[in-house]
Amino acid sequence: MQRGASPFNIVAVALGLAFLYLPIAILVVFSFNASRLVTLWGGWSLTWYRELLHDDAVLEAAWISLRVASLSATAATILGTLAAIALARMGRFRGRLLFSGMIYAPLVMPEVITGLSLLLLFVAFNVDRGFWTIVIAHTTLTMCFVTVIVQSRLVGFDRGLEEAAMDLGCPPFKTFLTITLPLIAPAIAAGWMLAFSLSLDDLVIASFTTGPGATTLPIRIYSEVRMGVKPEINAVCTIMIAVVALGTIAASLMAKRGAMRRDREALGAQV
Amino acid sequence: MASRADKPTRRARVIVLVPYLWLGLFFLAPFAIVLKISLSQAALAQPPYLPVFDLAAGWAGLKEFAAQLSADSFKLLASDPIYLLSYFKSLEVAAVSTAILILIGYPLAYGIARTARAWQPLLVMAIILPFWTSFLIRIYAWINILQRDGLLNEVLLRLHVIDAPVAWLSSDTAIYIGVVYSYLPFMVLPLYATLEKMDESLLEAAADLGCPRWKAFWLVSFPLSLPGLAAGALLCFIPIVGEFVIPDLLGGSETLMIGQTLWTEFFSNRDWPVASAIAIALLLLLLVPILFYERLQQRSLEGGR
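Each protein sequence line maps, in turn, to chains A and B. Oh and the first sequence: position 131 is 131 in this note's numbering, straight run, nothing missing. Oh and the second sequence: position 274 is 274 in this note's numbering, straight run, nothing missing.
If you're looking for bench data, these hints aren't it; they were derived computationally from the structure. The reader is advised that the hints may include incorrect statements.
[Stated by the list, open to error] Simulated DEER-style distance windows between Cβ atoms: (1) Pro7/A <-> Gln298/B: 36 to 44 Å; (2) Pro227/B <-> Arg96/A: 51 to 59 Å; (3) Ala18/A <-> Glu254/B: 55 to 63 Å; (4) Ala95/B <-> Ala18/A: 49 to 57 Å; (5) Phe8/A <-> Val161/B: 31 to 39 Å; (6) Ala71/B <-> Ser70/A: 19 to 27 Å; (7) Gly211/A <-> Ala164/B: 52 to 60 Å; (8) Leu284/B <-> Phe125/A: 50 to 58 Å.
[Stated by the list, open to error] Computed footprint of chain B on chain A; a stretch qualifies when at least three of its residues, placed anywhere within it, have a C-beta under 8 Å from a C-beta of chain B: (9) 46-59; (10) 62-73; (11) 106-119; (12) 174-188; (13) 220-227; (14) 232-246.
This one's a predicted model, so the numbers in the text were calculated from it and none came from an experiment. Every residue gets a Cβ at the ideal spot worked out from N, C-alpha and C, and that includes glycine.
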């Protein structure tokens, strides 16, 4: 569908993007404000970033969050990819309906329910709550997002490639490693990144499943934000936005280069 | 090929079993525990509820355990208007926000789908990018803007639209702004996905037959985009009903949304049975939309189209 955009279409897109980006832009600009007041512009300054460097509580929380996010994203990517392969390639296995139900339900399940139920599970089995319970909780939540991303890629690509390899006598596992895995690799990488950022972002489930000594960055930010706006928080947020923006740009550049290489190879194969 | 895929080998069974067991243990089983605790009674103990299930006591212990279960928490939910008002408030916020999201998200998704192909990935990326930044940050950004001496009041005062600062924060308006802002990508992306796939020749055919553009939209594009619209609406509506962070940071304290009520019962009142009963009731309330969403997902991801 591409019959040229009408002025109405262009205005809709422009307004929509302005709505999405203006608050973030304001937040970033005011993190460089010399004045402590949010409305008063006191000139450019890095004061709040310097103060941040001495805020051990925030730095400690950020470190915990990064560790939770990388561990849970990795576990979620492995589990989620397995689940995606099961759903996309295994046909009808016993208990499939329940399985796909358990995959799609967490995507929309209100966080308070997921958080509460996991906490009660940990209490019932007398598990000490802390770092590892958050990792388990985040793995459970984010693996479903990984599954959906990888599954849509598995459904989308030409299965003839796999079939050709297997018809030529390639064993299924080797076919998976040499044909399927490289083809779904971008989706797996995207899944990992999504899982990572969801974990880094989560407040509600982490609040339920955390224990002493495991204060993640969102829990920390939340307790500060409840007391009011502070310029230091603007600085923390700006750094997080910068990290995410750089990561996304790097990933999309890599994906683009990969796509160009694939296109060239496909062209070469045709000639 | 089909026979090869349908006959699971041992390795294939492992592929299914590992995520299956994980989700069974950490997603499904906890609901049984929530149900059990919702039928317990609050107690000054560790953990703060009774009865505690004792496996060592065997069958007799199980019978005694069953005898002590009670529906008190659910009776409380039904009798105290605080809870019912909370549920209604949540449904109202979710329904109105979803309607606003459709009104804003549809033109946006439609606009993106109609721009030149080369621009579309960039615009989609622009929609997704804020979603990758922290949810909490985006809500916090709005506190900056909406507070009493915030930017919105400043701008409106300078423009002489208002004479005195308006209390935007701690109101339903602030909740709606925060919810719509946070969930916009969830509405736009599924809509865009269906609109983008639409066969343009259908619209051309309509135009050739003399159908005006708005009528072609209404008779062709809109009906074909309904699956995306349904997916987007459910993807927003269901989590918004249970939303906690947005109403807690932006909303007032008169009527709490159900997610906040659950949070308070759990963390402040330490009444785990009532918190569990609220969760069970919320789950039952959302069961139909969740099942409907699952069917949509299955159709779009497993139907091959």
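Satisfaction of the hinted span 31 to 39 Å by the C-beta atoms belonging to phenylalanine 8/A and valine 161/B:
Hint violated: Cβ distance 26 Å, outside 31 to 39 Å.
Annotated coverage of the region 232-246 of chain A by chain B, confirmed only when three residues or more have a Cβ within 8 Å
Coverage by chain B holds for the region 232-246 of chain A (7 residues, Cβ < 8 Å).
Quick one: see if chain B covers the region 174-188 of chain A, three-plus residues with Cβ-Cβ under 8 Å.
violated (count 0)
Does 49 to 57 Å hold as the CB distance between alanine 95/B and alanine 18/A, or does it fail?
violated (26 Å)
Determine whether the Cβ-Cβ distance between alanine 18/A and glutamate 254/B falls within the hinted range of 55 to 63 Å.
32 Å Cβ-Cβ, so the 55 to 63 Å window is violated.
How does the coverage statement for the region 62-73 of chain A fare against chain B, requiring three or more residues with Cβ below 8 Å from a Cβ of that chain?
Violated - the region 62-73 of chain A has 0 residues with a Cβ nearer than 8 Å to chain B, which falls short of three.
Note whether the CB distance of leucine 284/B and phenylalanine 125/A lies within 50 to 58 Å or breaks it.
Because 26 Å falls outside the window, the suggested range is violated.
Tell me if chain B covers the region 220-227 of chain A under the three-residue, 8 Å CB rule, please?
holds (count 4)
In this structure, is the beta-carbon distance linking glycine 211/A and alanine 164/B contained in 52 to 60 Å?
violated (47 Å)
Determine whether the Cβ-Cβ distance between alanine 71/B and serine 70/A falls within the hinted range of 19 to 27 Å.
Taking Cβ atoms as reference, alanine 71/B and serine 70/A lie about 44 Å apart, which means the hint is violated.
Outcome, coverage hint (the region 46-59 of chain A, chain B; C-beta under 8 Å; three residues)
violated (count 0)
Count residues of the region 106-119 of chain A with a Cβ under 8 Å from any Cβ of chain B, then say if the count reaches three.
holds (count 12)
In terms of the numbered hints stated before, the structure departs from hints 2, 3, 4, 5, 6, 7, 8, 9, 10, 12, listed from lowest to highest.
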